[in-house]
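Student: The residues making up each chain are set out below.
2 protein chains.
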Amino acid sequence: MKIIRSPRAMMAWSHEVRRQGVTIGFVPTMGALHDGHRSLIRAARLRCDALVVSIFVNHTQFGPREDLARYPRSLERDHALCRAEGADVSFEPTANAMYPEGFQTTVSLSAIARRWEGEARPHHFCGVATVVVKLFSIVRPHVALFGEKDFQQSALVRQLVADLNLGVEIIVHPTVRERDGLAMSSRNVYLSPRERIVATMLYKSLRAGAAAIRSGVTDAAAVQATMAEVVRREATLTIDYLAVCDPRTLEPLPSVVSGAVLLGAVRLGSVRLIDNLTVTARPRRTR
Amino acid sequence: MKIIRSPRAMMAWSHEVRRQGVTIGFVPTMGALHDGHRSLIRAARLRCDALVVSIFVNHTQFGPREDLARYPRSLERDHALCRAEGADVSFEPTANAMYPEGFQTTVSLSAIARRWEGEARPHHFCGVATVVVKLFSIVRPHVALFGEKDFQQSALVRQLVADLNLGVEIIVHPTVRERDGLAMSSRNVYLSPRERIVATMLYKSLRAGAAAIRSGVTDAAAVQATMAEVVRREATLTIDYLAVCDPRTLEPLPSVVSGAVLLGAVRLGSVRLIDNLTVTARPRRTR
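So the sequences go chain by chain: H and L. For what it's worth, this note's numbering labels the leading residue of the first sequence as -6, then goes sequentially. For what it's worth, this note's numbering labels the leading residue of the second sequence as -6, then goes sequentially.
Worth double-checking, as some hints may not be accurate.
[As the list claims (entries may be wrong)] Pairwise CB distance ranges (calculated):
id, chain 1, residue 1, chain 2, residue 2, range
1, H, 13, L, 251, 40 to 48 Å
2, H, 113, L, 155, 31 to 39 Å
3, H, 42, L, 112, 26 to 34 Å
4, H, 14, L, 88, 54 to 62 Å
5, H, 69, L, 115, 47 to 55 Å
6, L, 104, H, 73, 40 to 48 Å
7, L, 57, H, 103, 46 to 54 Å
8, H, 42, L, 50, 34 to 42 Å
9, L, 155, H, 263, 32 to 40 Å
10, H, 88, L, 57, 32 to 40 Å
11, L, 13, H, -6, 28 to 36 Å
12, H, -2, L, 204, 46 to 54 Å
In case anyone wonders, no lab produced these hints; they're calculated from the structure. All C-beta atoms, glycine included, are put in the ideal place defined by N, C-alpha and C.
Bound-form chain H, shown alone:
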């Protein structure tokens, strides 16, 4: 596996590989790789001739009071994982190479970036959209894979790619979970043993919402109430949002439709957890 640090060298590599008619798969990450990333990298490996993973903790998507400074880093283990999964390149630019002095361009989305995570983290999606455009320009992938855990981010990237005609196929890969249901996340290392147990309540609440829908509830407010009730069993959890949404626009739905997504975010001490669950079953009619 090649480690490439300069954007220019990365562009040259991709240019040469593309010229040979090779397809490039791309998994952008902030490092601290876990089995969720592993499954993205594996899926990319199966789909493409060449595989690039980027490891870049993009500071512009962190808020001023967020966890940039303590964001977990495990570069050696990340390299081992990438190598084991057959990555051809680990692209690891410096912040200065990505945002040199005088940098002043921002890519932003409106409706899809406004709610939910956009409300909790005002500049987050600007940072994400800008770095995604940059990474796509540098890596020039045919296919890029994103984890479904960051549901709104995936929807935003799809919209961005369509809007700017980026010509990259976006694949959203299912969330990988711990045995007890907790969605894997690099930030789970922040949780104390006690918090680690409490954290499972978020996914439990989404499952309770899905169960309510399966049992015939179609009113979104009722589904939300069911989810909220589960979260409230743990006094240490604060609800940021629990919502029933359109999976493409992320707008809240008044009543459940097939394909709707249940989105949730809760706070647990200084840690914020997000998760989601897509309603696959056709909701039964209420009598």
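Fit chain L to the supplied structure of chain H, relying on the hints for placement.
Tutor: Frame of chain H; chain L shown alone:
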């Protein structure tokens, strides 16, 4: 010459051409082509194997009280000019194909978009930056050519390409002028015969500024005063700005340096004229 309307078909054409190792030159236009465009197209023709001209009146770069509705259109003549200059493709997307329902992505720049044209036309450069990223993604040129008449726009595009790693070489081609010095512009058709004569004063004022610099003036305020004096000879002209600027950042300079650009914008009835002149001679020291 091929006329391509759909972004998808344009992307497919470029993809195929690139696969063959052919270099693509690109001249983005809003149609109403004149000899300024012709010289851009000719320069692109000489530099590249394949040549794409786009004709797209991008409504997002017009302000609500600007001239979108009456912007001149001359598609048949435009095609004749493109054909005569050897363009391979005229790319002519519809507004709907470029901005379909739900479109919501904006590319914006900060410092370089703030002053001068950015002040007079608040959303103009957002519209420009966004459509340039889209057109570059669709056409995938190796080289793109812009006219020096829109000096700030060219500087902005250079910054945008660097910031987003777009990997397109930007060439800024000298302004083509009428015999009396007026910079060619599609908007010159708006001028009445009387206004057409008065309009030449803008370039005359820039030349007066340059002459002052050649004669030893280095104080930017003094150069500005010289330029303003020329414009004020015509009561029908209103000065929007006359400035001595850094050619890369567009920030005003306190004193003239070689390579500085004199920027000017004036109003004449309902028409706004812009022009610029680069200070090439090394300014002499004042005693």
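Student: Hints first: check each against the structure and report whether it holds.
Tutor: Hint-by-hint comparison with the structure:
| no. | hint | in the structure |
| --- | --- | --- |
| 1 | H:13 x L:251: 40 to 48 Å | holds, 46 Å |
| 2 | H:113 x L:155: 31 to 39 Å | holds, 32 Å |
| 3 | H:42 x L:112: 26 to 34 Å | violated, 50 Å |
| 4 | H:14 x L:88: 54 to 62 Å | violated, 35 Å |
| 5 | H:69 x L:115: 47 to 55 Å | holds, 50 Å |
| 6 | L:104 x H:73: 40 to 48 Å | holds, 43 Å |
| 7 | L:57 x H:103: 46 to 54 Å | violated, 18 Å |
| 8 | H:42 x L:50: 34 to 42 Å | holds, 41 Å |
| 9 | L:155 x H:263: 32 to 40 Å | holds, 38 Å |
| 10 | H:88 x L:57: 32 to 40 Å | holds, 39 Å |
| 11 | L:13 x H:-6: 28 to 36 Å | holds, 31 Å |
| 12 | H:-2 x L:204: 46 to 54 Å | holds, 50 Å |
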